[in-house]
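Protein chains: 2
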Amino acid sequence: MRTDNSKIKEIFKDLPFSDNQIKVIESVFYKVNFKKGSKILKATDKVDYQYYILEGCLRTYHIDAHGKEHTVQFGIKDWWISDYTAFFSTSKAIMTIEVIQDATMYRISREDKERLYKQISSIETFFRKKLERAFAALQNRILSNLSQTATERYLNFIQTYPNIDKSIKNYHIASYLGITTESLSRIRKDLSKN
Amino acid sequence: MRTDNSKIKEIFKDLPFSDNQIKVIESVFYKVNFKKGSKILKATDKVDYQYYILEGCLRTYHIDAHGKEHTVQFGIKDWWISDYTAFFSTSKAIMTIEVIQDATMYRISREDKERLYKQISSIETFFRKKLERAFAALQNRILSNLSQTATERYLNFIQTYPNIDKSIKNYHIASYLGITTESLSRIRKDLSKN
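Order-wise, the sequence lines are chains Y and H.
Numbering follows the numbering used here, in which position 174 of the first sequence is assigned residue number 170; successive positions increment by one, without gaps.
Numbering follows the numbering used here, in which position 84 of the second sequence is assigned residue number 80; successive positions increment by one, without gaps.
It is possible that part of the hints are untrue.
Straight-line distance between alpha carbons at most 27 Å, and here's what the computed DSSO-like set of lysine-lysine pairs gives [to be verified]:
#, chain 1, residue 1, chain 2, residue 2
1, Y, K19, Y, K35
2, Y, K126, H, K9
3, Y, K114, Y, K35
4, Y, K114, H, K126
Computed Cβ-Cβ distance ranges for the label pairs, DEER-style [as the list claims (entries may be wrong)]:
#, chain 1, residue 1, chain 2, residue 2, range
5, H, H62, Y, S2, 32 to 40 Å
6, Y, K109, H, D74, 22 to 30 Å
7, Y, K109, H, R106, 47 to 55 Å
8, H, S163, Y, D10, 46 to 54 Å
9, H, R106, Y, K114, 19 to 27 Å
10, H, N29, Y, S117, 45 to 53 Å
Sample of chain Y residues facing chain H (criterion: CB under 8 Å; computed from the structure) [unchecked claim]:
#, residue
11, I138
12, A146
13, R149
Everything labelled a hint here was simulated from the structure, so no lab data went into it.
Using N, Cα and C, we set each Cβ at its ideal position, and we do this for glycine too.
Pulled out of the complex, with its shape left as it was, chain Y reads as follows:
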């Protein structure tokens, strides 16, 4: 199924497009549905797509050499998700992306995205600015982690993902924060006292 006009407005916010441009955009975004528990990509996969999340919740994680899972990112409504390291460099995936709540997304391929950039320059600007913010946020997160306590990191997490599904598992959050589930419980208990 293809996107409809209102969805293009949802994805690209207030960017103005001509009727012709809307047709081009419609032709490269495909609606896809994934059930909870499914994996939209796994480590070592070829990564050809980026996804815009309409509904649902996803988790990107990396498994290190010792078999330990590290949650890199959650994906919620209005976020984009992929294994960007692989998507941008055309190398194999180093992440696994798991659906933790039934998801509806718009998928676009790398080739279509590059074509879109050439045809509609405002879309390249849109993604360039998004990438700048993502780069800044990633670096900021790393540096904050050096200085912040686990409680401060938990409060940041809540601020970053204010509408995240309440049914998200504690070990997912703990693995995002780099702490044990026991520490997470303790932090929540302490915060609820205040």
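Starting from the known structure of chain Y, arrange chain H on it as the hints suggest.
What follows is chain H alone, placed relative to chain Y:
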């Protein structure tokens, strides 16, 4: 002093520009010189510029809440340097950038860069691709650090900065690798045995 044509070719490699475009580009890049030991920006500064390194070596570091220095990036010939988190988001600097070997650079302001994007779309594409690679490299470095031994991280460092000045201080490298200078010496000694 303004850039000359050959320098534009150096910065933008094989991108073809018209004579008119070259004039526009020349008007927004300024050559600047910094002596070893000087700081081109400090934490809490306003960050309005990005720099292309023609010559020299620089170090970007973050000082955490406990006063500990973390080297985030080295800048060598043909690299771009800034506090990107601040440059992109117009927030205050969280990094300090120190000149560790006399540097000659081309400076561009955020406003001029945005204007350049509007006027010459191939430059926006050039920086968008650079940003994609930088994002992938940053994420890859974080994830590799989770799995790799200090020796592997040191070998990666040598590969990333093959031409880095030999006079760079050991504690800069150690702080980039997240190890002590004693560990760095041990790693080098072990590697030289093989």
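Each hint, compared with the structure:
1. For the hint pairing K19 (chain Y) with K35 (chain Y), the CA-to-CA distance comes to about 30 Å; that exceeds 27 Å, so the pair is violated.
2. Between K126 (chain Y) and K9 (chain H), the direct Cα distance comes to roughly 25 Å. Compliance with the 27 Å bound is thereby established for this hinted pair.
3. At most 27 Å may separate the alpha-carbon atoms for a hinted pair to count; K114 (chain Y) and K35 (chain Y) exceed this at roughly 31 Å.
4. Restraint check for K114 (chain Y) and K126 (chain H): satisfied, since their Cα atoms lie roughly 17 Å apart, inside the 27 Å limit.
5. A hinted range of 32 to 40 Å for the beta carbons of H62 (chain H) and S2 (chain Y) is inconsistent with their spacing of about 50 Å.
6. For K109 (chain Y) and D74 (chain H), the Cβ-Cβ distance of about 27 Å falls inside the hinted range of 22 to 30 Å, so the restraint holds.
7. In this structure, K109 (chain Y) and R106 (chain H) break the distance hint of 47 to 55 Å, their C-beta atoms being roughly 25 Å apart.
8. Evaluation of the 46 to 54 Å hint for S163 (chain H) and D10 (chain Y) yields a pass: the beta carbon distance comes to about 52 Å.
9. Between R106 (chain H) and K114 (chain Y) the beta carbon distance is about 25 Å. The supplied range of 19 to 27 Å therefore holds.
10. At roughly 36 Å, the beta carbons of N29 (chain H) and S117 (chain Y) sit outside the given window of 45 to 53 Å.
11. At about 6 Å, the closest approach between the beta carbon of I138 (chain Y) and any beta carbon in chain H falls short of 8 Å, and the interface hint on this residue holds.
12. A hinted interface residue such as A146 (chain Y) counts as satisfied when its beta carbon comes closer than 8 Å to some beta carbon of chain H; here the least separation is about 14 Å, so the hint is violated.
13. A distance limit of 8 Å between C-beta atoms decides the matter here; for R149 (chain Y) the minimum to chain H is near 13 Å, and the interface restraint is violated.
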